[in-house]
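Taking the hints into account, I'd like the entire structure generated from these sequences.
As given, the protein sequences belong to chains A and B, one line each in that order.
Residue 1 is where the first sequence starts when you use our numbering, and the numbers rise one by one after that.
Residue 1 is where the second sequence starts when you use our numbering, and the numbers rise one by one after that.
Just so you know, the hints here were simulated from the structure itself, not pulled from any lab data.
These numbers were taken from a predicted model, which means no experiment stands behind them.
There could be a bad hint or two in this list.
[Claimed, not checked] Capping the alpha-carbon separation at 25 Å, the derived lysine to aspartate or glutamate pairs in DMTMM-like fashion look like this:
hint, chain 1, residue 1, chain 2, residue 2
1, A, K212, B, D42
2, A, K139, A, E127
3, A, K115, A, E176
4, A, K244, A, D201
5, A, K244, A, D154
6, A, K115, A, E54
7, A, K244, A, E214
8, A, K215, B, D42
9, B, K101, A, E329
10, A, K115, A, E73
11, A, K139, A, E176
12, A, K328, B, E186
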Amino acid sequence: MGWILLFSGMAGTGTACAETDVGPSQASASQAAETPSAETPSAETRSAESRSSENRNCLRCHQMATLAYRNPENGEIVDLAIAPQALSHSVHGELACSDCHDSDFGQYPHPERLKGETLACVGCHEEHDDAAERVYRFKTIDEEFKHSIHVTSDAPEVAGFSCHSCHDPHAFRNSEIGEEIAQIVRQDNGICLSCHAEIQDPLRDPHTWLPKPEKHREAVRCLDCHTPLSEDGQAVSHRILAGKDSNRDCVKCHSKAPQLLNRLYQYRSETDLANKGWISKAVFNEAYVVGMSRSPLIDRSALAIIAITLLGLGAHGYGRYRAYRRSKENRT
Amino acid sequence: MSALYLYSGWVRTWHWINALLFLVLIFSGASMHFNGAGWLLDFQSAILIHNTAGILLTIGWIGFIVGNLVSDNGRHYRVRLHGFVQRLMTQSIYYGYGIFKNAPHPFHPSAEAKLNTLQQVTYIGVMYVLMPLLILSGWAFLFSVYLPETLLGIGSVWVVAMLHLSIAYFLVLFLLIHLYIITTGETVMTNMRAMLTGWHRDDHQEPEA
Ligand code: HEM
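What follows is the structure, encoded as structure tokens:
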């Protein structure tokens, strides 16, 4: 059991994982994920009504905020509660519970054999017809995730880390263009901060080297520095980097580096535009990144040329003044 | 002593609004560019001021171009090719040499031609090349989402940023030289008075703009 129920309405990235070990409430037949056509009627073919009546049945118990049990093996509390609001607003909000979970969960008490079964996000998501058109390919996510520090680290905290550790399937929602940037950043970083408590502690925070750390935290996602630039066209990689491998180079954002800069800038620009329309976008442009246009070469040469020009003009003026004096003397 | 009315009301209005906006843009632009240097505007106000002034400058520039198309001020921006190089040389030699020898001004403004050839090419370069590039790159910044991801293999935003920055520097350079050159009229204030009142007066016999 390695999953943690996180904040609802998480933002920023897609959902992904390989074989994932999930708690009983989420456990389902993995074959459901692998062969969705055989077992699970697709969301479209099923009437919305039958879906919602099924979900109501499940939520009768699972919407209780305190529904949980203590895992007898390790003593951990396993949270079984689902917030119906968050669920219906999530990416999976259109689905019936049994689209992912074994339909035999409909029996109560739930059959023993279903417990401890696994759910494969990647399998299911890659089988969707639109898999190839998605911005995020789950196969790619899976590849990236395998190299993530959340997988490769031997720290005990990351044991059993899975997609669900960050992306609660019952609440996850992609952030959308048009949402308040600050809101997206807050939600996104909230996911990281929910485990990385050391960052909240000024004595242990490894970000003290950053100028204006608070401003950074409000304006930039953790991911923007803690993931490599992906070449595959996906906006953000799922390969979370170790602190020591993450970007520490200010100039990667505060200057030209096209990818890292554009990733942030374009997104913010689009959001600005969607929120405000183009006139106020033009006036308030929130997307400006300090130093983006900084170029030491251009700055230095331009300032040098300007200085030389000023000297030249000064000298010219002095020459004119002397000529003027001479002409006055000649006249008198 | 003669007086010529060379700078009509709209030219003067445009010019001084433009000059004011330019100073505001330079200061607010520098505040963004060198943000953190301390002696500048704070970032948020700088953005607001710079973008607002930029929009007004765009409107002003369009006004100037249209004004030159419909009024007879436009004639001063049409280069006469006949003797062009000769006139350019003469004017340059005057600024580089003759002016120190109290040589007479080689150019005399008239209603037909108020700008000497050197002024003319400078103003054409500034108003018809640099300003539009500056304005376009400024707007491209704001609407970079509509640009391709990369231009010539480099991130578009960066290309735009460097263009905007370089042109801004060029125009600062222009402004410095412009400010100096206008003092080289008949008297130090001759040209300044002309741009303020419209009237170009020459108290001596050799007028120049
Ligand atoms: C505080 C700054 C400025 C001052 C004091 C100033 C002063 C003057 C003066 C006295 C003239 C008339 C003399 C002449 O024709 O050379 C003039 C003309 C002109 N200036 Fe400026 N100027 C300033 C800024 C600018 C800027 C920023 C620009 C353009 C970006 C500019 C563009 C022009 C043009 C195009 C003309 C000729 C206008 C015409 O008659 O068609 N000036 N300026």
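Taking the hints in turn, this is what the structure says about them:
no. : hint            : in the structure
1   : A:K212 / B:D42  : 14 Å, holds
2   : A:K139 / A:E127 : 11 Å, holds
3   : A:K115 / A:E176 : 35 Å, violated
4   : A:K244 / A:D201 : 19 Å, holds
5   : A:K244 / A:D154 : 16 Å, holds
6   : A:K115 / A:E54  : 20 Å, holds
7   : A:K244 / A:E214 : 20 Å, holds
8   : A:K215 / B:D42  : 14 Å, holds
9   : B:K101 / A:E329 : 13 Å, holds
10  : A:K115 / A:E73  : 14 Å, holds
11  : A:K139 / A:E176 : 22 Å, holds
12  : A:K328 / B:E186 : 15 Å, holds
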